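Please model the complete structure; the sequences and the hints are all you need to start from.
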Amino acid sequence: MTQPTIPRPMISLQSVSKRFGSFVAVDAATFDIAPGEFFSLLGPSGCGKTTLLRMIGGFERQSEGDILIDGESMGIRPPNQRPTNMVFQSYAIFPHLDIAENIAYGLVNRDLDKATIAKKVAQALEMVRLEGLGNRRTNQISGGQRQRVALARAIVCEPKVLLLDEPLGALDKKLREEMQIELRQLQKSLGITFIFVTHDQEEALSLSDRIAVMARGKVLQIDTATSLYERPNCREVAGFIGNMNFFEGRIASIANGVAAVEIGPGQHVRVSAGSGSAPGQAAIVAVRPEKIDAGATQPQGNGAATANVIKARALAGSYLGDRSLVLAEWREGTAPISVSLQNRKTLATASPGSIAGTDSVATGAPIWITWPIEAGVLLNS
Amino acid sequence: MNTQTATNPAVGDAALSARPEWLDGLWLIVPTLLIVIGMMVVPLVGIVVVSFWTQTGFNIEATWTLDNYRVLFTPEGALYRILIVKSLWMSLTATIAVVLLAYPMAYFMAFRIERAKLIWIILLTVPFWTSYLLRIFAWKVILGFNGVINSGLKAVGLIDKPLEFLLYNPTSVTITLAHAWAAYAVLPIYVSLEKIDRSYLEAATDLGDSKWKRFWRITFPLSLPGTIAAILLVFIPTVGDYITPTLVGGTSGIMIGNSIVTQFGKANNAPLGAALSCIMMLAITLAVCAFLAAIGRKRLKAADL
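Chains R and C, in that order, are what the protein sequence lines are.
Start counting at 1 in the first sequence, then tack on 7, and there's your number in our numbering.
Start counting at 1 in the second sequence, then tack on 326, and there's your number in our numbering.
Calculated directly from the structure, the hints in this document are not laboratory data.
Hints are all accurate, no fakes.
Going by beta-carbon spacing under 7 angstroms, a handful of chain C positions derived as facing chain R: (1) Ser525; (2) Tyr526; (3) Ala529; (4) Thr531; (5) Asp532; (6) Leu533; (7) Gly534; (8) Asp535; (9) Pro547; (10) Leu548.
Straight-line distance between alpha carbons at most 30 angstroms, and here's what the computed DSBU-like set of lysine-lysine pairs gives: (11) Lys181/R with Lys298/R; (12) Lys127/R with Lys537/C; (13) Lys624/C with Lys126/R; (14) Lys537/C with Lys121/R.
Quick caveat, the model's predicted, so the values are computed rather than measured.
For every residue, glycine included, the Cβ atom is placed at its ideal position computed from N, Cα and C.
Encoded structure:
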C-alpha cells in the first residue's frame with residue numbers, strides 16, 4: 008500500500024495497534040493525514056475504525072506505535088491534553104446544562120473572560136444555525152439540532168483536528184443528506200482537519216478528500232473517492248464500495264500492458280495489467296455494473312466499447328426508475344453478471360416483452376454483455 | 327367516547343368508557359392506599375387532634391386548647407426548644423457524615439466495579455442481616471468504658487485510664503447514626519451515578535476537564551437526584567430516632583424523640599407528646615424546604631427532579 012508522502016502531516020500514525028486480549032482491533036495502522044483534509048475511516052462495524060479514532064482522541068491507549076499530531080508525539084496523553092475534539096455518536100450533550108452552557112463548556116477551561124465566551128458561543132450558534140436557541144434545554148431540541156450543538160461545542164474549542172464518530176448515523180435520510188452538505192461547507196470554511204468515521208460508503212465518498220477503507224483491523228486502501236471506486240486495490244475494497252462483478256481466472260498472456268485473462272473455457276477478457284502481473288498468475292477481473300453494456304443482439308465489429316464480449320442469458324431484470332438492473336447468467340455455477348443500464352429512453356420506444364428500461368432484452372433470452380478494456384480492474388486473487 | 331362505544335360495542339357500556347383516563351391504573355394502588363390511609367393518615371390526624379386536648383390525671387380531656395403549644399414558648403419549655411434544635415443539628419451532622427461515607431462507596435460501585443455488581447449490592451446489605459439494636463450495641467462495645475477502643479489504647483500504653491468522652495454524648499449518637507444509615511444512602515446515590523451516560527464523562531474530558539473538574543461539573547450535578555434522595559432518606563428518620571440516643575447517648579445525648587416517648591409513657595402527658603410530635607414534623611418540613619430552596623429551582627429542574 009503506497010501513498011504519496013505528505014510534507015507536514017497534521018496527523019501521523021506510526022504502526023498504531025490496539026489489542027484487546029488476543030483480539031487485534033487495529034493492526035499496525037500507518038498513514039498520514041494532511042492539514043485541512045477531510046479524511047474518512049470507512050469499514051463495516053467491528054473493523055476497528057472507531058477504535059482508531061478513539062486512539063487519536065486519547066480515549067483508548069494504543070498497544071503499540073505512536074500518534075503524532077502536528078508533529079507532536081501524543082504517547083498516552085489524555086484527551087484533555089490533546090489538540091483534538093470529538094463529536095460523539097450519541098452527541099453526549101450534557102442534560103443538566105442548556106444549549107449555550109453546553110457550547111461554552113470547553114471554553115470555560117481556558118483563560119477567557121465571560122464576555123469573550125459569550126461572544127464565541129453566539130458565533131458558534133450562528134455558525135450551526137441555532138441562533139436564539141441558547142437558552143433552550145437539551146430535551147427541547149430535535150435530533151438534528153442536537154447534532155449541531157455537539158458540532159458547535161467541539162468546533163468552538165478550535166481544535167487542530169476534529170474527530171467525528173458516525174455523527175450522522177442517528178439522523179433520518181433527508182436530514183443526514185442536509186447535514187452532509189453543511190458539514191462539508193463548515194469544514195471547508197474552517198480549514199480544520201476532520202477525521203470522520205462512518206460505515207456508510209456513500210457518505211464517505213461524497214464528503215471526503217481521502218478515505219481509508221478498513222476491515223478486520225487492517226487499513227486496506229487509502230485513496231480519494233474516485234480512485235477507491237475506479238481503482239480498488241483488492242477484492243475486499245472493490246466489494247465493499249459499490250457493486251462489483253468479479254470474474255476469477257488466470258492470466259493467459261500480456262501484450263502492450265493489456266492482459267488477457269481466461270475466466271472460463273475459451274472465454275477471455277482483456278484488462279489493463281500493472282507491472283506486477285505475469286502470465287500464469289491467478290487473477291480476478293472486476294467490472295462495475297454501470298460500466299457494462301448489454302444488448303439482445305451480438306455486437307458487430309471490433310470497437311473499443313466491445314473489446315470484451317460475453318454471451319449470457321438474462322435471468323431477471325428490475326426497473327429502478329433512473330436505471331434498470333439486469334442479472335445475466337453466463338456460466339453455470341458462477342455468480343450472475345449484474346448490469347446497470349441508464350434509462351435514457353422512454354418506455355414507449357422499448358420493444359414489447361423486453362425487461363422494462365432495456366431496449367429489447369427479454370427474460371430468459373440470450374444477452375450479450377460488453378465492456379471496454381479500461382472498464383475492468385485486474386486484482387490479485 | 328360515545329362514537330367509540332358505538333363503533334366498537336365489545337368495549338362495554340358508555341359509562342365505563344367515560345371514566346377519566348387518570349383513573350385507569352387506580353385499582354393497582356388501592357391496597358397501598360388503604361394501608362397508607364389506615365396506618366398513617368388516621369394516626370397522624372389522631373396525633374394532631376390529641377395535641378389540642380388536655381391530660382387531666384389518667385384521662386384525656388377532649389376540650390380544644392392551645393396550652394400544649396404555648397408551653398413550648400414559656401421558660402419551662404426551653405428544654406424542648408433546645409432538644410428540637412439539637413436533634414436537627416445532630417441529624418444534620420449524621421446526614422453529612424453518611425453522605426460523605428456513602429458517596430465514595432456508591433461511586434466505587436458505579437464506576438469501578440464492572441462485573442458482578444449484584445454481589446456488591448448484596449454485600450452492602452450484609453449489615454442489615456443483624457438487627458438494628460445489635461448494630462447499636464456493637465457501637466456500645468466499641469466506644470464503651472472498657473470497650474474495644476479504650477482497652478486497645480490501654481494495651482498499647484497510649485492512655486492510663488479509659489477515655490470517657492467516647493460514649494454517652496451527642497458525638498457517639500452521631501457516629502452510631504451515621505454508621506447505621508450509611509447503607510440506605512449508598513443505593514440512591516449508586517443508582518443515579520450508574521445512570522450517567524459514560525459518553526458525558528468522555529465528552530467532558532475531551533473538552534478539557536481534568537478528572538477533578540469533570541467530577542464537579544458533570545458527575546456530581548448529574549448525581550444530585552440520588553444524593554438529595556439520600557440526604558432526605560437519612561435526615562428525616564434520624565431526627566425522630568430515640569433508640570440510638572437511649573442506648574449510646576447518655577443524658578447529654580438525648581434527642582427530641584426521647585422526650586416525646588417520655589411524654590407518652592412515664593410523664594403520662596399524651597397531648598404534650600402529640601404537640602411535640604407536631605412541632606417536630608413542622609421543624610423537619612421547614613428544614614427540608616430550606617434545604618431544597620438552597621439547592622435552587624434551576625438545579626432541581628436541571629437534575630430532572
